[in-house]
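*Asks:* Residue strings, one per chain:
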Amino acid sequence: MTRETIRGRRPGEVLGRLALHAATTVTLAYIVLPLVLVVWLSFMADEIMTVPPEGYSLRWYAVAWGQAQLRDGFLTSLWVALAATALGLLITVPASFALARARFIGREALLQLLMSPLIVPGIVIGASIYVFLVQAEIATGLPLSGSSWGLVVAHLLLTVPWCVRLVTANLVGVNRSVEEAALSLGASPLVTALTVTLPMIWPGLVAAAVFGFVVSFGNIEVSLFLVAPGQITLPIAILQYLQWKIDPTIAAVSVVQIALIGLALVATSRITNLGKVV
Amino acid sequence: MTAFLTRRRFGLMAGSGLATLALGRDPIRAAPSGQVVVGTWGGDYQNLLQQNIAEPILQPMGVGVVYDTANDSVRKTKIMAERRLPRGSMDIAALTASGSYEMFANGALEELDEAKVPNLKHVLPVLRSKYSIPHMYTGRVILYNPKIVKDKPTSYADLWKPEYAGKVGVIDIQYQTTIESAALVAGGSMTNYEPGKAKLLALKKQGVRIYPTNEAMAQALKTEECAICIMWMARGVMWQKAGIPIEIAVPKEGVVLYVSEMAVPKNARNKEAAFAYLNAALEPKPQEAFAQKMGYGPTVGNVALAPDLAGKVLLPPEMQSEFLKQNQDYLAKTDASLQEWWTKEFKG
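Protein sequence lines, in the order shown, are assigned to chains A and B.
For the first sequence, the working numbering assigns the number 848 to the initial residue and increments by one for each residue that follows.
For the second sequence, the working numbering assigns the number 15 to the initial residue and increments by one for each residue that follows.
Hints were generated in silico from the structure; no laboratory data involved.
Keep in mind that the hints are not guaranteed to be accurate.
What the hints assert, rightly or not - Once the Cα atoms are required to be at most 30 Å apart in a straight line, the calculated DSBU-like pairs of lysine-lysine come out as:
(1) A/K1092 <-> B/K326
(2) B/K358 <-> B/K211
(3) A/K1092 <-> B/K166
(4) A/K1092 <-> B/K307
(5) B/K339 <-> B/K361
(6) B/K130 <-> A/K1092
(7) A/K1092 <-> B/K299
(8) B/K347 <-> B/K326
(9) A/K1092 <-> B/K339
(10) A/K1092 <-> B/K255
(11) B/K361 <-> A/K1092
(12) A/K1092 <-> B/K164
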């Protein structure tokens, strides 16, 4: 059986439909246009963007590949984002259980505390953690400032709010009677959480991991003060490249980054139906 | 025996022994070794440091080089925050001239001399300071598009010519140097930027274009939206290489220098290697490489550039005796008010 759409033919309805299409197109274009421009720029042969371009070339991709700082930056960003995401989930999943299930004094305050990194500017978070590490080093003599873990701890603050919000929202939507059935059949609360609840909120966990990873991977402000000597993250490497050059190499790097993140989102969406979660 | 070794005599012996130890340290400086952490800008600058200083000079000495890559504002903040640490995170900090002045004024930098950095003796006198080495320099000039600006400019005042109205550009982040250049043609000086303000408001009335960054200016010059601007000569050379249709003109008011420097924080972990690094940075070969690749002038007198390269990166010899240096004391006091005026009055 096919569903028939009955479309109004009155001028007002036609006009309304046109307005809707126009608004949708403009909004989508607004979102997609920067990406299209970056991709276009990455293939231009000119060192400085000219419209129309004098030719097209793949050479900026080769230049990007030849830049050790960009390659190293990519690897550092990758492991820092993975570590921050994994630690973020380890902290926020139990916290989300408490926030979604328990009623206790200070619950709202705790939720706001976990969300608070979102309202503090990244540069303030980075500088504050750096100054804290220096003060801690002065007090204890331990070599804390300039260690890679300072960067991971700072990025943890970026992933926590996303993880808390997404996991909590999913937990609230879980049908409690399924958990109660497991408990009444003799499963302990821990076994119930691990074998019943977590599989039910799996899409939320994946979404939390993806968003946490993306936020951490692309962050620059928090990282500025915290990268250890010998380390560089991709966004910092990009910023530093631009200090001396204005050719489209950075556009080529961005296209690779967009493609990787885009692929990750599409793959995740296929596995978990992200559209239902976020 | 007791009569021989009196307390007075013992004191003299101990004192002279200490003095010998202290004096003996300099002639036999420990050979540099280990690892040196260079706080620097990244990108091409860091690549060139690696290719021309670390690999050919430091590595054969047995010194490994690690980079702490960031902008100089981050570096300054780190140096200040780490001042109380016995061991800081950087052995060398690449800073602008104003940055190293500020750090030295705050007591964070090691003093340098020819015993520590022998190549300091080759440094051009105008660029010398007691707390940093000048690594490379360039001068502020006028860039213009000869297709639109027919007569080669000779003075900053040419930017105010009515025929160029609407084609003159300034750069937002260069507010300090722009006010300074205007001051130089309006009766001001390197210690009095005030007259530049009224002069710039006149330029605003004529329809000046304000670009946010150097990159945006490059773009505007390329598209010929802007035809004349004030810029660093090295950037001009770089932009010419990138195919932007510009020529370089030297203003008769004098050439103000931009100096990129390197300094050693007092709490550097490996000072011997840091001094060796600074010395290597002043060697003729790396100096020539930076001139070749980045368009900056060598800061030492013992490097002979090929004539065509010298023509591009060095200012005319007659101008070299008239280099102007920014007065860091004056700028430290006035920078905040200059920025405020720029934002509220000029851009507003």
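*Asks:* Does the structure keep A/K1092 and B/K255 at a Cα separation of 30 Å or less?
*Replies:* The hint holds at about 11 Å.
*Asks:* Is the straight-line distance between the alpha-carbon of B/K347 and that of B/K326 30 Å or less?
*Replies:* violated (35 Å)
*Asks:* Checking one constraint from the list: CA of A/K1092 to CA of B/K164, max 30 Å. Satisfied?
*Replies:* Since the Cα atoms of A/K1092 and B/K164 sit roughly 29 Å apart, the hinted pair holds (cutoff 30 Å).
*Asks:* Would you mind confirming whether the straight-line C-alpha gap from A/K1092 to B/K326 stays at or under 30 Å?
*Replies:* holds (19 Å)
*Asks:* Is A/K1092 within 30 Å of B/K166, Cα to Cα?
*Replies:* Given pair A/K1092, B/K166 holds - Cα atoms ~27 Å apart, limit 30 Å.
*Asks:* Hey, A/K1092 versus B/K307, does the alpha-carbon distance stay inside 30 Å?
*Replies:* Answer holds: A/K1092 to B/K307 is near 12 Å, not above 30 Å.
*Asks:* Is the Cα-Cα distance between A/K1092 and B/K339 30 Å or less?
*Replies:* holds (26 Å)
*Asks:* Has the given pair, B/K130 with A/K1092, been kept, meaning a C-alpha gap of at most 30 Å?
*Replies:* Cα-Cα ~34 Å, so violated.
*Asks:* Given the proposed pairing of B/K361 with A/K1092, does the C-alpha separation stay at or below 30 Å?
*Replies:* holds (27 Å)
*Asks:* Check whether the Cα positions of B/K339 and B/K361 lie no farther apart than 30 Å.
*Replies:* holds (27 Å)
*Asks:* Within a Cα-Cα threshold of 30 Å, do B/K358 and B/K211 meet the stated pairing?
*Replies:* At roughly 12 Å apart (the allowed maximum being 30 Å), B/K211 and B/K358 satisfy the hint.
*Asks:* Under the criterion that the straight-line Cα-Cα distance not exceed 30 Å, is the pair A/K1092, B/K299 satisfied?
*Replies:* holds (23 Å)
Hints 6, 8, counting from the list given before, are not met by this structure.
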